[in-house]
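J.: In case you want the letters, here they are:
There are 2 protein chains.
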Amino acid sequence: MGSASRKTFLPLDPVTFSNESKAFKALLSPAMLPESAPYCPEPLQDILEDVSNCIIPGLTHWQSPNFFAYFHANASTAGFLGEMLCSGFNVVGFNWISSPTATELESIVLDWMGKMLKLPSSFLFSRTGGGVLHGSTCEAAVCVLAATRDKALKELGGWENITKLAVYAADQTHFTFQKAAKLAGIPPSNFRLIETSFSTGFSLSPENLRFAIEDDIKSGLVPLFLCATIGTTPSGAVDPIAELGKVAMEFKRWLHIDAAYAGSGCICPELRHYLDGLLNPHKWFLTNMDCCCLWIKEPKLLVDSLSTDPEILRNNASKSKAVVDYKDWQIALSRRFRALKLWVVIRRHGPANLMYHIRSDIAMAKRFEAQKVRIGLLQVEAKVEEEDLNCKLVEAINSSGRAFMSHAVLSGIYVIRCAIGTTLTQQHHVDALWKLIQDKAQSLLM
Amino acid sequence: MGSASRKTFLPLDPVTFSNESKAFKALLSPAMLPESAPYCPEPLQDILEDVSNCIIPGLTHWQSPNFFAYFHANASTAGFLGEMLCSGFNVVGFNWISSPTATELESIVLDWMGKMLKLPSSFLFSRTGGGVLHGSTCEAAVCVLAATRDKALKELGGWENITKLAVYAADQTHFTFQKAAKLAGIPPSNFRLIETSFSTGFSLSPENLRFAIEDDIKSGLVPLFLCATIGTTPSGAVDPIAELGKVAMEFKRWLHIDAAYAGSGCICPELRHYLDGLLNPHKWFLTNMDCCCLWIKEPKLLVDSLSTDPEILRNNASKSKAVVDYKDWQIALSRRFRALKLWVVIRRHGPANLMYHIRSDIAMAKRFEAQKVRIGLLQVEAKVEEEDLNCKLVEAINSSGRAFMSHAVLSGIYVIRCAIGTTLTQQHHVDALWKLIQDKAQSLLM
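Quick note, the sequences are listed as chains A and B, same order. The opening position of the first sequence corresponds to residue 10 in this note's numbering, with each subsequent residue numbered one higher. The opening position of the second sequence corresponds to residue 10 in this note's numbering, with each subsequent residue numbered one higher.
Honestly, the hints are just simulated from the structure, not real lab data. Keep in mind it's a predicted model, so treat the numbers as computed, not measured. Ideal placement from N, C-alpha and C gives every residue a C-beta, glycine not left out. Among the hints, erroneous ones may be present.
Partner residues are not named here, just some residues of chain A that face chain B (Cβ under 7 angstroms, in silico) [stated by the list, open to error]:
#	residue
1	Ile64
2	Asn99
3	Glu113
4	Ser145
5	Leu342
What follows is a list of derived Cβ distance ranges for each label pair [stated by the list, open to error]:
#	chain 1	residue 1	chain 2	residue 2	range
6	B	Pro47	A	Thr209	48 to 54 angstroms
7	B	Ala372	A	Gln54	27 to 33 angstroms
8	A	Lys330	B	Asp55	33 to 39 angstroms
9	B	Gly254	A	Glu216	27 to 33 angstroms
The whole structure should be built from the sequences, with the hints applied where relevant.
T.: Structure, rendered in structure tokens:
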């Protein structure tokens, strides 16, 4: 990537906030910000000074090159420009007529992304599928769950069958999927979290999925939906999509693929075999928050479930059925012009530099791994005192303010995750992290 | 409001896009934008030229002073600056530890807003309630519906009772509320749309609500939730909150108040009697998209329903229960730092100028009304040919490109809505609209 993309607008290097070891009292005290809004307008200067003096010191700096926690919400100048344009136009493209090019650009960009990922063409508008931008994975999951739920309830003959619907995921699947299923009215007791293990790299076993489905059918339940993942949050596991797809096909169930962060990597040919649709460009794709791509083979199912046709929005374009009305592809009516942001990001970097960016992050992660650390899995032996040690190690790293990491528990083992991929992270930051980990570990062992 | 707030970044005056009368073919043809992403990075200049030449001509300009349709998504320089800061920091404050001051500022700003609106103190963090920023009304509605649903299902003894839950609204209630109830798994057949009429100004009758509730109880259903509205979308009706509240209290049901656009007006003392919790600052409050305030008296109910406690997010601050983790107050895990935007808007304008802005819009609307036009209800006699005439009149106005309006149907009468309130609208724009309406009406009658 060009040096322009590695620049940012905040001097965040090298400190990142952490309050892990401090008291959790209010950082913004009434002495700093009044308890009621000041009645008269204030000078911009005063507001920006408060941003610097009160807000910034208490932010966890996700854009710091020393941020290795959770996921990489990497921003870029192009993404920022896209947000400025979006916020400047401030159009609300809930249907085609309410901002035609906002809708059309979104369809074009989703096809661009789909082609970059080499998605089957059945997911593209140029065929019979299509894509939409949501704000988050969970929102997208609620929508597709509602679509499948409504289709199933229609087939089963009534809403009272909602208590029979069952949903499947791995114990490594992102926890928001379980929340989404509950939001959509699927009984939590019908949510199957299929156990994974170290032996399969924590990926979902098609065999175990089949057992769970068959069990449920025997008990009179109706299997509805499977969520597979490319790049799970705790361990980065990749579920075997092709095999899981066969099981889903066999039982005629919906297969949803959550590739929220790792999907971006699939624009690189050498990583593409992982993906055969959901991806968050606001993770690892230099697209500022928020931006989540959802592709669907039969958009009609989504529209059947989510469409509204109030008189106040009726118009000749919608009546003609020749246009896309994105309000019927999402939860909300209102929507921001996020497509502009993603479009600027893709054009300003080009797939060429986006691949460079992803490969550079992977190269840094591989070097880190080679330094005797399993990526995302800094594993010390599984004895209790040592688990406790790993926990203390994360706290020591974070309270130093020099880096920020997070953890997971895999098969009962407390592991330290290392997510490498902020826009500003360079090799020397990763090397410094490794040194910091060694120093803190040594202090703890002394 | 100062002149600074009336300036914008686009020369939109006086033309606004409309394609009502044209064919609904793709405005962005492959000749304009390629069907696949260009492989190499492109110069910024080229991208911005395409924005000017391809995107802008096909946008419906919500920021045009001649935009009188739907609702006023009014932007401001302060709102834009807030978005820039939000996008620049690009932090993801899903829990307190992941960006402490982002969470704390949100709580402070929601209390500021609550106090400006003179909400009962039980809705404020300074007491036992609290507020949260969502992206949209529908998202907020799904969350509160899920919270009440889960509380009711617990009381009723199991998820199978979901098919007994009934939800109430007026036929004027925003249609997304019905969508939200379906998304949350409430059977659509248990959604009661209570009829309103011209005689009560299209407001919801507490008597009719009581009849509907009593009927449902007799049929073995369990009334769950009432959505009342301050400022309905089709007619601007204000439901009698106090009386509806009494009915809700009597049956111990949840009362949700949707004041998405009109709530902003309630910062003015003379308008406050309307409001005794939901408001969208991205409508009529100079806050760029997206920003929706939700207050709740018992946040615990929301958290009980929406909380997730995955190992990867466990931290000492959350364990202490001394902090707010906003992930448990909304659908998504990820969230943008919207509070910064609303905070900048409030401080930069002050309640003083925000009231000036709202009063100035109301004054323009009153003058428009005095020009023999009922606000939001340009009513010609209710004969069929004249309804058809009103419809043709909107099409004629919109296809002129000189203004953009929308319509509603009230008690079977097609009416033209006039929403006055974009940031740039001045008296002469409203006067020009009235002249345009007269001209187009005369041409149609000739």
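J.: If a hint holds in the structure, say so; if it doesn't, say that too.
T.: Do the hints match the structure? See the list:
1. With a cut of 7 angstroms, the hint placing Ile64 (chain A) at the interface with chain B holds, because the nearest CB-to-CB distance is about 5 angstroms.
2. Interface restraint check: Asn99 (chain A) against chain B, minimum CB-CB distance 4 angstroms, threshold 7 angstroms, status holds.
3. For Glu113 (chain A), the interface hint holds, the least distance from its beta-carbon to any beta-carbon of chain B being 4 angstroms, beneath 7 angstroms.
4. Interface restraint check: Ser145 (chain A) against chain B, minimum CB-CB distance 3 angstroms, threshold 7 angstroms, status holds.
5. For Leu342 (chain A), the interface hint holds, since its Cβ comes within 7 angstroms of a Cβ in chain B; the closest pair sits about 5 angstroms apart.
6. Checked against the given bound of 48 to 54 angstroms, the beta carbons of Pro47 (chain B) and Thr209 (chain A), roughly 40 angstroms apart, lie outside it.
7. Our hint of 27 to 33 angstroms for Ala372 (chain B) and Gln54 (chain A) holds, since their Cβ atoms are close to 32 angstroms apart.
8. Between Lys330 (chain A) and Asp55 (chain B) the beta carbons are some 34 angstroms apart, a value that agrees with the proposed interval 33 to 39 angstroms.
9. Between Gly254 (chain B) and Glu216 (chain A) the CB atoms are about 56 angstroms apart, so this pair departs from the stated range of 27 to 33 angstroms.
Taken one by one, the earlier hints fail for this structure at numbers 6, 9, listed in ascending order.
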